[in-house]
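K.L.:
From just these sequences and the hints, can you work out the full model?
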Amino acid sequence: MASMEITQNINQSSAQNISTRLRRQTRIGENLIQGFLFLCGMISIFTTIGIVFELGKESLLFFSTPEVKLIEFFTTTTWQPSIGKFGVLPLVNSTLMTTIFAMLIALPLGLAAAIYLSEYASHKARSILKPILEILAGIPTVVYGYFALTFMTPLLRGIFGEDNVQIYNTLSAGLVMGIMILPLVSSMSEDALSAVPRSLRDAAYGLGATRLETAIKIVLPAALSGIIAAFIIGISRAIGETMIVAVAAGSGPAFTFNPFKGAETMTGYIARISGGDLAYDTPDYNSIFAIGLLLFGITLILNIVSRRLVAKYREVYE
Amino acid sequence: MISDPFAATEHNRVASGLSRRHRTGKIWQAIFFSATVIGLVALVALLWTVLDKSFSYVAIEYKVDPATLSSKPLQELTNAELVNLLEANLSKNRFRTLDRKQTLTERTHADLLTLIYDNIVEPRALASYSMSQWIASSQEIRAEVAEKYPDAKLEFRAWINGDFLIDPLSGDPLLVGVRTALMGSLFLILITIAVAFPVGVGSAIYLEEYADKNKWYNRIIQTNIDNLAGVPSIVYGILGLAIFVRTLAPLTSGALFGNADANGRTILSAGLTMALLILPVLIINSQEAIRAVPNSLRQASYGLGATKWQTIWNHVLPQALPGILTGTILAVSRAIGETAPLIIVGAATFITSDPTGPFSKFTALPIQIYNWTTRPQEVYRNIAAAGILVLLISLLTLNAAAILLRNRFSRQHA
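Chains as they are written, first to last, in the working numbering: chain A, 462 to 779; chain B, 78 to 491.
Careful, some of the hints might be misleading.
As the list claims (entries may be wrong) - Below, in silico cross-link-like pairs of lysine-lysine (DSSO-like), each with a Cα-Cα straight-line distance of 30 Å or less:
#1 Lys546(A) - Lys530(A)
#2 Lys103(B) - Lys591(A)
#3 Lys585(A) - Lys103(B)
#4 Lys773(A) - Lys292(B)
Derived by calculation from the structure, the hints in this document are not laboratory data. Predicted model only: the values in this text are computed from it and were never measured.
P.N.:
Following this line, the structure appears as structure tokens:
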């Protein structure tokens, strides 16, 4: 009896010992691992810092060269670095034009496809149509560039006449870009539409609304912030898209509003200039950083706005 | 009963309004449906264009017609017969130079065939007509070729074939292949995965398992990753040019490791740039996979006395792995097709030797597709189409693997 109590006592005290020891023990390995993982997380911060720092630094160098003046950069309409004319407007203008054409395709079609998939499609139709849109989203952009040049441009030239449409033109690039962005807009819009609770639809049906009226007057307004977010992401993607415009929109900056003429976009310019062996610290080299910074700024603002809007509808319905 | 005329008209009005509303509904449903189908039409048009251009009739002009060289097709001749052919058709000097480079009798069959084509047959592609053009107007094409290129022969050619896959790049459109570009893409992707996978999964583990969401710096990391995912790929290219190609040139060119050719435009720079590019997507996908692991698993592990890292390593990660791998494959397939950053970082457009290590100059499949597409001659459109087919087939294979993985994963948990 007595001996058993003793062993019990010993057991209790040793258990206590172990637990206090375990609690006190600093686990170097565990801390090292946590530190390493934290560093991994920090790499994304370093990336952002790197982008802002490098783009900023080289842009400063660019604007400090005597030929370049900040006001002229944003207001004049000739971009010809070889004769010292640095007006970014032609590049911005053609970026806007291709973006607008892309959006004319991607927004209405993307939204209509989203409404169809979320409000009308049977399970079977969805299971066929959604993967097709996903395949479209996974095709590399250089392939779309090829498609623009060998399919869309001949098509446009056939419709509007070979004399009116140049081989390289912003319309063809913009339209194909619209096809590329369509799946992005439709899948984001569909997410927003599906997040609208069933009860809203049921209430509308109960009041005698048809399916179309429910979709347009009830579900669409309720999902509006998410849909606008999809639009904005689409625009941001169109502005940053490079390969389609590099292949099909023409090389050589031109300040034109004619969609049948070639005009180089901001991204197309960067791709062309850096395509050759670019010498460091020349105005050419620095200019791609200035334009890159402009591009980064625009897309970043659009992305932030879009994410805010998505967070808004998530807050309401989830 | 007195009939109520007012009620009747009211009913009629509602009924006619109802049928009108239903009609509008039907029309719009058709519109919505056709918008969805336009996506399908675009996909079909794209694939059709590429396939149509990968097969064509080419007008080829030979210096010496291969049919006159021997009675049998050249491929069926033995090595000795091929050497005899070379000797008979080349000047003595030329033959001796070739022999001195590498003894002719010791060369492979394929090598000898290439020599004969390069030095004796010398085919030149003058014009190319895609399958659809040929089917629509083969008579006109025959007439046109006969008039414009009287010495040329029209031959059917499948641009995507075995030789196309194993031949190196070449200046001759009839001999060009994608091996160099494929090897470049492969090396590039290996470096990208080697860097992006551990860092990406590490970040995801940190953010999901360790980070206190209320701390400001953790919130900044998360927001930052979400924003980076939307940065255009060309901006990453510029970043790679400034940091990896230029600032870190001694490291990325291999100068520190005794590589004499100090130029940062190497496969390593491109791989690191690509790794930064796919990192945000990879992190977000991995986070989702880790988040999907039920919390009870972690609690059970803690309850048995495991430490945090033991729990993560032995329980959370194995559960999340299929999801993480699927996400990685999807991110990597984006990197394979990405072209813009490679142009900026300085992939070579013309290079015939395979990459040998991280410090080689290189080219990649999408770069070659871009390069071929921008050439004015029609034959290069055909080559580009064949290159696109190779690219799309590899992407399709990867994505199929990802889908299989996902399905297996979801069946386990069902």
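K.L.:
Decide, hint by hint, whether the structure agrees.
P.N.:
Now for the hints, and whether the structure bears them out:
no., hint, in the structure
1, Lys546(A) - Lys530(A), "holds, 10 Å"
2, Lys103(B) - Lys591(A), "holds, 22 Å"
3, Lys585(A) - Lys103(B), "holds, 20 Å"
4, Lys773(A) - Lys292(B), "holds, 22 Å"
When the structure is compared with the earlier hints, no violation turns up for any of them.
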